[in-house]
Amino acid sequence: MNDKEHSHVTSFGYELLRDHVLASILGKHEKDILYWAGKDLARKFPLYSMDEAITFFEQAGWGTLELEKTTKDSAFFTLHTYNLPQSGKTRSHRLEAGFLAEQQQKIGGCLTECYDEEPNKNGIVSFHVKWDAKVSI
Numbered sequence: 024m025n026d027k028e029h030s031h032v033t034s035f036g037y038e039l040l041r042d043h044v045l046a047s048i049l050g051k052h053e054k055d056i057l058y059w060a061g062k063d064l065a066r067k068f069p070l071y072s073m074d075e076a077i078t079f080f081e082q083a084g085w086g087t088l089e090l091e092k093t094t095k096d097s098a099f100f101t102l103h104t105y106n107l108p109q110s111g112k113t114r115s116h117r118l119e120a121g122f123l124a125e126q127q128q129k130i131g132g133c134l135t136e137c138y139d140e141e142p143n144k145n146g147i148v149s150f151h152v153k154w155d156a157k158v159s160i
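For the sequence shown, position 35 (counting from the first letter as 1) is numbered 58 according to this note's numbering, and the numbering increases by one without interruption.
Keep in mind the hints are simulated off the structure, nothing from the lab. A portion of the hints provided could be inaccurate.
[Claimed, not checked] Lysine to any residue pairs mimicking SDA-like chemistry, simulated, CA-CA at most 20 Å apart:
#: 1; residue 1: K129; residue 2: A60
#: 2; residue 1: K129; residue 2: I147
#: 3; residue 1: K67; residue 2: C133
#: 4; residue 1: K54; residue 2: A156
#: 5; residue 1: K54; residue 2: T113
#: 6; residue 1: K153; residue 2: G84
#: 7; residue 1: K67; residue 2: P142
#: 8; residue 1: K54; residue 2: I147
#: 9; residue 1: K129; residue 2: G36
#: 10; residue 1: K144; residue 2: W85
#: 11; residue 1: K153; residue 2: L70
#: 12; residue 1: K153; residue 2: L134
#: 13; residue 1: K51; residue 2: I160
#: 14; residue 1: K54; residue 2: D42
#: 15; residue 1: K157; residue 2: G131
#: 16; residue 1: K153; residue 2: D42
#: 17; residue 1: K129; residue 2: E75
#: 18; residue 1: K153; residue 2: Y138
#: 19; residue 1: K129; residue 2: A156
#: 20; residue 1: K153; residue 2: W59
#: 21; residue 1: K129; residue 2: T104
#: 22; residue 1: K67; residue 2: T78
#: 23; residue 1: K144; residue 2: T104
#: 24; residue 1: K95; residue 2: S149
#: 25; residue 1: K129; residue 2: L90
#: 26; residue 1: K54; residue 2: K92
#: 27; residue 1: K92; residue 2: E75
#: 28; residue 1: K129; residue 2: S159
#: 29; residue 1: K67; residue 2: F99
#: 30; residue 1: K67; residue 2: F79
#: 31; residue 1: K153; residue 2: K51
#: 32; residue 1: K129; residue 2: M73
#: 33; residue 1: K92; residue 2: P142
#: 34; residue 1: K54; residue 2: R66
#: 35; residue 1: K153; residue 2: F99
#: 36; residue 1: K129; residue 2: K144
#: 37; residue 1: K95; residue 2: W59
#: 38; residue 1: K157; residue 2: T93
Keep in mind it's a predicted model, so treat the numbers as computed, not measured.
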């Protein structure tokens, strides 16, 4: 086999790691740990604007991220996912939520959190990124 044949990650391989191995290792703390892992990833892969998150999500294989709207203290995103679990298990998207929260916090300089919803039947996840302008970081 050549290098090109080894460079493709299959949906099955991604699902094994994301939905089975991580869940087994992290157990009941999976969502909390994934959120903080997402924040840590954001520190290791800093963005200069939230627009860059769209490209990052695509390249990371997380799905297609879209900014739906912004307000003075919030941004609302949707994520069209792929590589959804075939087992019927609902995947946690706390990794992505933590990543968005930390990027916005770094870019905006204000304390930021991100809340995610369970994917709908079409695999679309909603994220609400909310910051507090009164608390500088």
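Here is what the structure says about each hint:
Distance hint between K129 and A60 is fulfilled; the C-alpha atoms sit about 16 Å from each other, no more than 20 Å. At roughly 26 Å between alpha-carbon atoms, K129 and I147 are farther apart than 20 Å, so this suggested pair is violated. A C-alpha spacing of about 19 Å is found between K67 and C133, which places the hinted pair at or below 20 Å, so the restraint holds. The hinted pair formed by K54 and A156 fails the criterion: a straight-line CA distance of about 26 Å is larger than 20 Å.
The hinted pair formed by K54 and T113 meets the criterion: a straight-line CA distance of about 12 Å does not exceed 20 Å. In summary, the hint linking K153 to G84 is not supported, as the alpha carbons are separated by about 24 Å, beyond the 20 Å threshold. With a C-alpha separation of about 27 Å, the suggested pairing of K67 with P142 is violated against the 20 Å cut-off. The suggested pairing of K54 with I147 holds, with an alpha-carbon distance near 18 Å, which does not exceed 20 Å.
Between K129 and G36, the direct Cα distance comes to roughly 32 Å. Violation of the 20 Å bound is thereby established for this hinted pair. With a C-alpha separation of about 17 Å, the suggested pairing of K144 with W85 holds against the 20 Å cut-off. With a CA separation close to 18 Å, the supplied pair K153 and L70 stays within the 20 Å bound. As the CA atoms of K153 and L134 are separated by approximately 9 Å, the hinted pair is consistent with the 20 Å bound.
A distance of roughly 30 Å separates the Cα atoms of K51 and I160; the hinted pair therefore is violated under the 20 Å criterion. At roughly 12 Å between alpha-carbon atoms, K54 and D42 fall within 20 Å of each other, so this suggested pair holds. Among the hinted pairs, K157 with G131 is consistent with the structure: their alpha-carbon atoms are about 12 Å apart, no more than 20 Å. Restraint check for K153 and D42: the C-alpha separation of about 27 Å exceeds 20 Å, so the hint is violated.
Simply put, K129 and E75 have alpha-carbon atoms about 13 Å apart, close enough for the 20 Å limit, and the pair holds. For the proposed pair K153 and Y138, the alpha carbon gap of about 8 Å is at most 20 Å, so the pair holds. For the given pair, K129 sits about 13 Å from A156 by alpha-carbon distance, which is consistent with the 20 Å threshold. Restraint check: the Cα-Cα separation between K153 and W59 comes to about 16 Å, which is no more than 20 Å; the hinted pair holds.
For the proposed pair K129 and T104, the alpha carbon gap of about 25 Å is over 20 Å, so the pair is violated. With a CA separation close to 16 Å, the supplied pair K67 and T78 stays within the 20 Å bound. Pair hint K144 plus T104 holds up; C-alpha atoms about 11 Å apart against a cutoff of 20 Å. A hinted pair counts as satisfied when its Cα atoms are at most 20 Å apart, and K95 with S149 qualifies at roughly 19 Å.
Pair hint K129 plus L90 holds up; C-alpha atoms about 18 Å apart against a cutoff of 20 Å. For the hint pairing K54 with K92, the CA-to-CA distance comes to about 26 Å; that exceeds 20 Å, so the pair is violated. Distance check on the hinted pair: K92 and E75 sit about 16 Å apart at the alpha-carbon level, within 20 Å; holds. Distance check on the hinted pair: K129 and S159 sit about 10 Å apart at the alpha-carbon level, within 20 Å; holds.
Pair hint K67 plus F99 does not hold up; C-alpha atoms about 23 Å apart against a cutoff of 20 Å. For the hint pairing K67 with F79, the CA-to-CA distance comes to about 13 Å; that is within 20 Å, so the pair holds. For the given pair, K153 sits about 26 Å from K51 by alpha-carbon distance, which is inconsistent with the 20 Å threshold. Of the supplied pair hints, the one linking K129 and M73 holds, its CA atoms being roughly 10 Å apart against a limit of 20 Å.
A C-alpha spacing of about 19 Å is found between K92 and P142, which places the hinted pair at or below 20 Å, so the restraint holds. Between K54 and R66 the alpha-carbon distance is near 19 Å, which keeps this suggested pair within the 20 Å criterion. Distance restraint check for K153 and F99: the Cα-Cα separation of roughly 9 Å lies within the 20 Å cut-off, and the hinted pair is therefore satisfied. The straight-line distance between the Cα atoms of K129 and K144 is roughly 33 Å, outside the 20 Å bound, and the hint therefore fails.
Our distance criterion of 20 Å between C-alpha atoms is broken by K95 and W59, whose separation comes to about 25 Å. Note on K157 and T93: the hinted pairing holds, with a Cα-Cα distance of about 18 Å set against a maximum of 20 Å.
Violated hints for the displayed structure, listed by number in ascending order: 2, 4, 6, 7, 9, 13, 16, 21, 26, 29, 31, 36, 37.
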